[in-house]
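Chains L and H are the protein sequences, given in the same order.
Mapping of the first sequence onto the UniProt record's numbering: residues 1 to 315, in sequence order.
Mapping of the second sequence onto the UniProt record's numbering: residues 1 to 315, in sequence order.
No lab work stands behind these hints, which were simulated from the structure alone.
Possibly wrong hints are sitting among the right ones.
Which copy? The list can't say, so a pair holds if one copy fits it or any two copies do.
Unchecked claim - Under the rule of at most 20 Å between Cα atoms (straight-line distance), these lysine to aspartate or glutamate pairs were calculated in the EDC-like manner:
1. 190 to 259
2. 69 to 254
3. 137 to 30
4. 294 to 219
5. 69 to 165
6. 287 to 31
7. 108 to 31
8. 311 to 259
9. 293 to 31
10. 36 to 305
11. 294 to 204
12. 217 to 244
13. 311 to 288
14. 220 to 165
15. 243 to 142
16. 88 to 64
17. 308 to 259
18. 220 to 236
19. 247 to 30
20. 108 to 259
21. 107 to 142
22. 247 to 219
23. 311 to 125
Protein chains: 2
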Amino acid sequence: MITRQSIIDAHERIRPYVHRTPVITSQSIDDIAGCKIFFKCENLQKVGAFKARGAMNAALSLSEEERKKGIATHSSGNHAQAIARAGKVLGVKSYIVMPRTAPAIKKKGVQGYGGEIFECEPTLEARESTLADVIKKTGAHEIHPFNNYDVITGQATTAKELFEEQNNLDVIIAPVGGGGLLSGTAMATKYFSPSTLVYAAEPEGADDAYRAMQSGKIEKSQANSIADGLLTALGEKNFPIIKENVKAVITVSDQEIIEAMRLIWERMKLIVEPSGAVPLAAVLKSKEEFAGKKVGVIFSGGNVDLEKVTKLFIQ
Amino acid sequence: MITRQSIIDAHERIRPYVHRTPVITSQSIDDIAGCKIFFKCENLQKVGAFKARGAMNAALSLSEEERKKGIATHSSGNHAQAIARAGKVLGVKSYIVMPRTAPAIKKKGVQGYGGEIFECEPTLEARESTLADVIKKTGAHEIHPFNNYDVITGQATTAKELFEEQNNLDVIIAPVGGGGLLSGTAMATKYFSPSTLVYAAEPEGADDAYRAMQSGKIEKSQANSIADGLLTALGEKNFPIIKENVKAVITVSDQEIIEAMRLIWERMKLIVEPSGAVPLAAVLKSKEEFAGKKVGVIFSGGNVDLEKVTKLFIQ
Numbered sequence: 001m002i003t004r005q006s007i008i009d010a011h012e013r014i015r016p017y018v019h020r021t022p023v024i025t026s027q028s029i030d031d032i033a034g035c036k037i038f039f040k041c042e043n044l045q046k047v048g049a050f051k052a053r054g055a056m057n058a059a060l061s062l063s064e065e066e067r068k069k070g071i072a073t074h075s076s077g078n079h080a081q082a083i084a085r086a087g088k089v090l091g092v093k094s095y096i097v098m099p100r101t102a103p104a105i106k107k108k109g110v111q112g113y114g115g116e117i118f119e120c121e122p123t124l125e126a127r128e129s130t131l132a133d134v135i136k137k138t139g140a141h142e143i144h145p146f147n148n149y150d151v152i153t154g155q156a157t158t159a160k161e162l163f164e165e166q167n168n169l170d171v172i173i174a175p176v177g178g179g180g181l182l183s184g185t186a187m188a189t190k191y192f193s194p195s196t197l198v199y200a201a202e203p204e205g206a207d208d209a210y211r212a213m214q215s216g217k218i219e220k221s222q223a224n225s226i227a228d229g230l231l232t233a234l235g236e237k238n239f240p241i242i243k244e245n246v247k248a249v250i251t252v253s254d255q256e257i258i259e260a261m262r263l264i265w266e267r268m269k270l271i272v273e274p275s276g277a278v279p280l281a282a283v284l285k286s287k288e289e290f291a292g293k294k295v296g297v298i299f300s301g302g303n304v305d306l307e308k309v310t311k312l313f314i315q
Numbered sequence: 001m002i003t004r005q006s007i008i009d010a011h012e013r014i015r016p017y018v019h020r021t022p023v024i025t026s027q028s029i030d031d032i033a034g035c036k037i038f039f040k041c042e043n044l045q046k047v048g049a050f051k052a053r054g055a056m057n058a059a060l061s062l063s064e065e066e067r068k069k070g071i072a073t074h075s076s077g078n079h080a081q082a083i084a085r086a087g088k089v090l091g092v093k094s095y096i097v098m099p100r101t102a103p104a105i106k107k108k109g110v111q112g113y114g115g116e117i118f119e120c121e122p123t124l125e126a127r128e129s130t131l132a133d134v135i136k137k138t139g140a141h142e143i144h145p146f147n148n149y150d151v152i153t154g155q156a157t158t159a160k161e162l163f164e165e166q167n168n169l170d171v172i173i174a175p176v177g178g179g180g181l182l183s184g185t186a187m188a189t190k191y192f193s194p195s196t197l198v199y200a201a202e203p204e205g206a207d208d209a210y211r212a213m214q215s216g217k218i219e220k221s222q223a224n225s226i227a228d229g230l231l232t233a234l235g236e237k238n239f240p241i242i243k244e245n246v247k248a249v250i251t252v253s254d255q256e257i258i259e260a261m262r263l264i265w266e267r268m269k270l271i272v273e274p275s276g277a278v279p280l281a282a283v284l285k286s287k288e289e290f291a292g293k294k295v296g297v298i299f300s301g302g303n304v305d306l307e308k309v310t311k312l313f314i315q
């Protein structure tokens, strides 16, 4: 399904519509971590997250016939904005089902791109049934946030770019929620940097990927963490790729996520959202594992409600 | 004093010790501002501010004999860290006179580089007399934060790099405190992009540069603004350069600075300090003046006390 060439094609396809984000280093964080880290800054991506890549690739991969009635999805956040923006760029309508608990900044972002929001209860069941209604009514084409090969292939371009700038990474580490970024990262690593080991980082309060790697089957998520982008369980298309290509899943507590996030804000002057700080939290928790290595870390996004997140810093 | 060649030489001299910082654009801020802005991200510079450039150039321009007893300065913040870091890089002692009111993060930064801090009252007189004592006692060489041609030449490399990436800017705009960055920017513009107009941006509560441009002589600063890096009056070496080469000084209120800063944090996912947000505040205040133009904006620094600044966002 996902080949070396399909990732190269996706990269060409989305290039006019997304940023090639910078790779940034920090001597002071390297000193703390005891390894050499290359941060791929998808928080500086369009819509503030890597999700712009997968959504754009999936929308561009539809035929004109398929997308003319619009595109639709359910998402708690960054994928929602990414689909709304893809709709705007392609001149088609976008319909977004969002849990009513989603951060205000993410709802505002969707509306700013002209997306139409349908609110629902914050459960997977409510999201899926609301989306089914919307699609029935509008005839829009669904683009799933992660359980979609075109989305995964789009996300894979993040790691591809990182390898183009740093071709000798020992390790690459991505956060895992539904597994779109992680499975894309795993495929890009397989094709473009096969000697690099792939790790995942996950909140303890939503450690379904960690448990799935033990049990060998998809597990439910407790969905209890400050990292609101990582609460969903793995997708059926994502898990087999992860199972085969990911060395380990490292779990971290919310306190460790907040500390890593604060370190990034203070030392790197970059705003990452809690989900985006999870990989650095994992590196700092597993210093022996990464000691002296060259480590690629993906900052997945930077969309935060400033009021909410900055309260964590004032205690 | 400052020639095209001296800026080129300074750039070569400091290159191994400073970042070539990224130039970042933001579609959503362009839409708000009504012009095309290229942000030179010195908040991502070593020590979190452009000051790393001038300090490094001045320290490297000293003879070994001159610097062997150490380097010294008085500074409320970023120049302090920059001198401490230059001392560490060159293996000499650094002595920093700081007002006791300086942000904790800036004091911590100085100590992290091994700089020795001497606290004083937050007045120019106290700073100068304390520094004189320190120099008498240690034999260290003073490197002034802005009233020093090697420092100005180092700061000029910021605009030089921006012009290398964007050679057709209509306007470049820098914040002004003592005038080190602004006079360096003016000289770089004169030599490397002479058709570009140079503007300055200044807090209303410290508008000595604005008044100096009217009166034709250096004025005292009221030193009353949230932009704690811009409270000093212009230096004697800086003012003549500014007078000759800067088209206008735009002043902005603290409220406008906070709004611009929030916009940068939210839309660009970049942490800039209040002083660093002053140029964007000026662009947003003078939209007619810059409408449709290509504008270079220097984000001068990103060192904030998170507790203090984030309180501004929770009201």
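Hint by hint, here is what the structure shows:
| no. | hint | verdict |
| --- | --- | --- |
| 1 | 190 to 259 | neither (32 Å within a copy, 45 Å between copies) |
| 2 | 69 to 254 | neither (41 Å within a copy, 48 Å between copies) |
| 3 | 137 to 30 | neither (52 Å within a copy, 36 Å between copies) |
| 4 | 294 to 219 | neither (32 Å within a copy, 52 Å between copies) |
| 5 | 69 to 165 | neither (39 Å within a copy, 41 Å between copies) |
| 6 | 287 to 31 | within (11 Å within a copy, 44 Å between copies) |
| 7 | 108 to 31 | between (38 Å within a copy, 16 Å between copies) |
| 8 | 311 to 259 | both (13 Å within a copy, 19 Å between copies) |
| 9 | 293 to 31 | within (12 Å within a copy, 42 Å between copies) |
| 10 | 36 to 305 | neither (30 Å within a copy, 26 Å between copies) |
| 11 | 294 to 204 | neither (25 Å within a copy, 47 Å between copies) |
| 12 | 217 to 244 | within (12 Å within a copy, 72 Å between copies) |
| 13 | 311 to 288 | neither (32 Å within a copy, 37 Å between copies) |
| 14 | 220 to 165 | neither (37 Å within a copy, 49 Å between copies) |
| 15 | 243 to 142 | neither (26 Å within a copy, 60 Å between copies) |
| 16 | 88 to 64 | within (14 Å within a copy, 60 Å between copies) |
| 17 | 308 to 259 | both (16 Å within a copy, 18 Å between copies) |
| 18 | 220 to 236 | within (12 Å within a copy, 68 Å between copies) |
| 19 | 247 to 30 | neither (23 Å within a copy, 43 Å between copies) |
| 20 | 108 to 259 | between (27 Å within a copy, 18 Å between copies) |
| 21 | 107 to 142 | within (19 Å within a copy, 53 Å between copies) |
| 22 | 247 to 219 | within (18 Å within a copy, 64 Å between copies) |
| 23 | 311 to 125 | neither (32 Å within a copy, 38 Å between copies) |
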